[in-house]
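Q: Sequence:
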Amino acid sequence: MMTRDSLLPMLRRLLLLPERRDADLLQWRISIMRSIQLATLTLGSLTMLALTLFPIPDQLAMLTADSVALLCLAAITFAPRLSHPTRAWVFLALVYCFWLWMFTFVGVVSLVFLLSVPLFAAMLVGLGAGIIMLTLSCTGLFVMGLAYLPGLVIGDANALSPLQTWLILLINFAFCASLLTITCGVLINRLELALALRRQAEEQSRAMAQHVQEMEKLRAVGTLASGVAHDFNNILTIIMSLTESIKDKRRDNAATEQLDQVLLASERGRDIVRQLLMFTRESLPDRRLIDLNTVLRQMEPLLRAQMPAGTRFGLTTEDASMSCHIYANASEIQQVMMNLAGNAVLALKPVDSSDEAQADEIGITVRSLHPDDPLLASLSLDGQRLYVSVTVRDTGIGIPPAVISRLFEPFFTTREPGQGTGLGLASSHGIVSSLGGGIAVASEPGNGSAFTVVLPLAEPDVKTAAPDPASSPTAEARPAGLSPVLLVDDEPLILRTGCAMLENAGYPVTAAVNAVDARAALEHTEFAILITDYSMPGENGVSLIRQARALQPDIPVILVSGLGHVDELDNELATRLVMLPKPYKKQDLLDAIAGLLANR
1 MMTRDSLLPM
11 LRRLLLLPER
21 RDADLLQWRI
31 SIMRSIQLAT
41 LTLGSLTMLA
51 LTLFPIPDQL
61 AMLTADSVAL
71 LCLAAITFAP
81 RLSHPTRAWV
91 FLALVYCFWL
101 WMFTFVGVVS
111 LVFLLSVPLF
121 AAMLVGLGAG
131 IIMLTLSCTG
141 LFVMGLAYLP
151 GLVIGDANAL
161 SPLQTWLILL
171 INFAFCASLL
181 TITCGVLINR
191 LELALALRRQ
201 AEEQSRAMAQ
211 HVQEMEKLRA
221 VGTLASGVAH
231 DFNNILTIIM
241 SLTESIKDKR
251 RDNAATEQLD
261 QVLLASERGR
271 DIVRQLLMFT
281 RESLPDRRLI
291 DLNTVLRQME
301 PLLRAQMPAG
311 TRFGLTTEDA
321 SMSCHIYANA
331 SEIQQVMMNL
341 AGNAVLALKP
351 VDSSDEAQAD
361 EIGITVRSLH
371 PDDPLLASLS
381 LDGQRLYVSV
391 TVRDTGIGIP
401 PAVISRLFEP
411 FFTTREPGQG
421 TGLGLASSHG
431 IVSSLGGGIA
441 VASEPGNGSA
451 FTVVLPLAEP
461 DVKTAAPDPA
471 SSPTAEARPA
481 GLSPVLLVDD
491 EPLILRTGCA
501 MLENAGYPVT
511 AAVNAVDARA
521 ALEHTEFAIL
531 ITDYSMPGEN
541 GVSLIRQARA
551 LQPDIPVILV
561 SGLGHVDELD
571 NELATRLVML
581 PKPYKKQDLL
591 DAIAGLLANR
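Its first residue numbered 1, the sequence shown is counted upward by one per residue in full-length UniProt numbering.
Do not rely on the hints blindly, as some may be mistaken.
Have a look at the derived ranges for each label pair, beta carbon to beta carbon [to be verified]: (1) ALA574 / ALA520: 21 to 27 Å; (2) GLN306 / ALA594: 35 to 41 Å; (3) GLU361 / ILE404: 16 to 22 Å.
Calculated from the structure, these hints are not laboratory results.
Note that the structure is predicted; figures quoted are calculated from it, not measured.
The beta-carbon is built from N, C-alpha and C at its ideal position, and this holds for glycine as well.
Please construct the entire structure, taking both the sequences and the accompanying hints into account.
A: Set out below in structure tokens:
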């Protein structure tokens, strides 16, 4: 038994109704034409049945003409391989020919068929087709009228001559047909525009939702990675401190070599953690005004050295005169470009290096972006700012869509085990995001890839930052005399190894496991320097620094952090303060102390 739920899908398939709400106008035109053709077949069959029941003049000729027309209509309706334009034009020609035949039998009564021709053309093909068929209809009506004018009887024969009557009829037909055709065509064109705008808005909405979802996922992974990195840095700090302590006490070559291997492994772990922190935007190096073009030109020899033999490489700027000043650290840009260029090299197809026609190509292009550039909207960037883009393009194997969606996940890699950490793109994404930009990926399997880094240009009033303290020469380590060093850390093992490290270097040390004990010590003793961890239960390191500066305003501070960057530091607290990221080596700590004490 047919039910409503089963009948509707059947009717939808029969009429070729679009399944999706975002179907384009062509799909709707196909459905409309199918509906018109099926309705014409049904109503035409009923007309033929009526002709057989009621005797009329030329009945056989009428039935024959109707049968031929319906058979032709059925053929174009159910022909499987006809394109929509072909099907529509054949249908229009069939209706027009049927009118010509009907005109010879019934005269002006057949004008209703002729009126439908330009309307169908505007509806099924477009306004241009409607105007063409309107012109053809008026021309045909004029010619047919002249041919059959002596036999035509229209209205009161005594009022006007047949020619005058026919011209009036022709003018009125042309007026009404033009009005209806143009109205229908304009309406269809506006619907097409509305559908296109809605589809564009829906695509932008989907892209925005996907972008937000990706950002939320990356933020969640980043939070997890940040916590893991902090704990891992504490462990590495203990390992490196104890290893250096043992190395200082053991002088035999075999033990020293093995301890050096432990330190190298620890440093590798430290580098991985720093990439993790870069991905989570927690580790932000000192930034200043730099010229992006200058940084890239300085990197060009290094990038060329990465290229396999036979690979064409080019670095171009679309407008050599444009300003490319950004607020960043040169090492950040270098890391991002080395990661992207390295991935491009790995994506190249193996070809004969002697065949220049098949040579692979990697290109880097710098260009400025207009505020209305769609790339900014796709990355959810502020359209009120000026941006510059750097595109790294290769002719490699391309990236499958399923992989593109996971490219910036930490530890995700398509390389063989041991050939990559999966942190290169993740850390690059973190760097670019922390600079206020974004990375867009375009790729097609087999046709190469393009990674576009978008960065905001520096505001006109941005001044060059102070020189990087890390690049300044530091004073030699020297004991602090009678004033001890206050070392604060909530990890007992880090505290013990730190005390031993400082005492071996000749510094008297007072240890505290939290901010409360440290504050009590500061109230009774004057210290040469305060070394405190940032992340501690209760009051953190920044809170302790404020209290220490209240008690001893000139005390220098070394703030140790496994997170790398601290947002709570204001300009006043940042004076006479050095950030020391975990894990650190003994010499890093001693250099920081010496530098602060030398400038006291």
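Q: Between the beta carbons of GLN306 and ALA594, is the distance compatible with 35 to 41 Å?
A: Given about 38 Å between the Cβ atoms, the range holds.
Q: Do the beta carbons of ALA574 and ALA520 sit within 21 to 27 Å of each other?
A: holds (25 Å)
Q: A range of 16 to 22 Å was offered for this pair. Does it hold for the Cβ distance of GLU361 and ILE404?
A: Cβ of GLU361 to Cβ of ILE404: about 21 Å, so the range 16 to 22 Å holds.
Of the hints listed earlier, there is not a single one the structure fails to meet.
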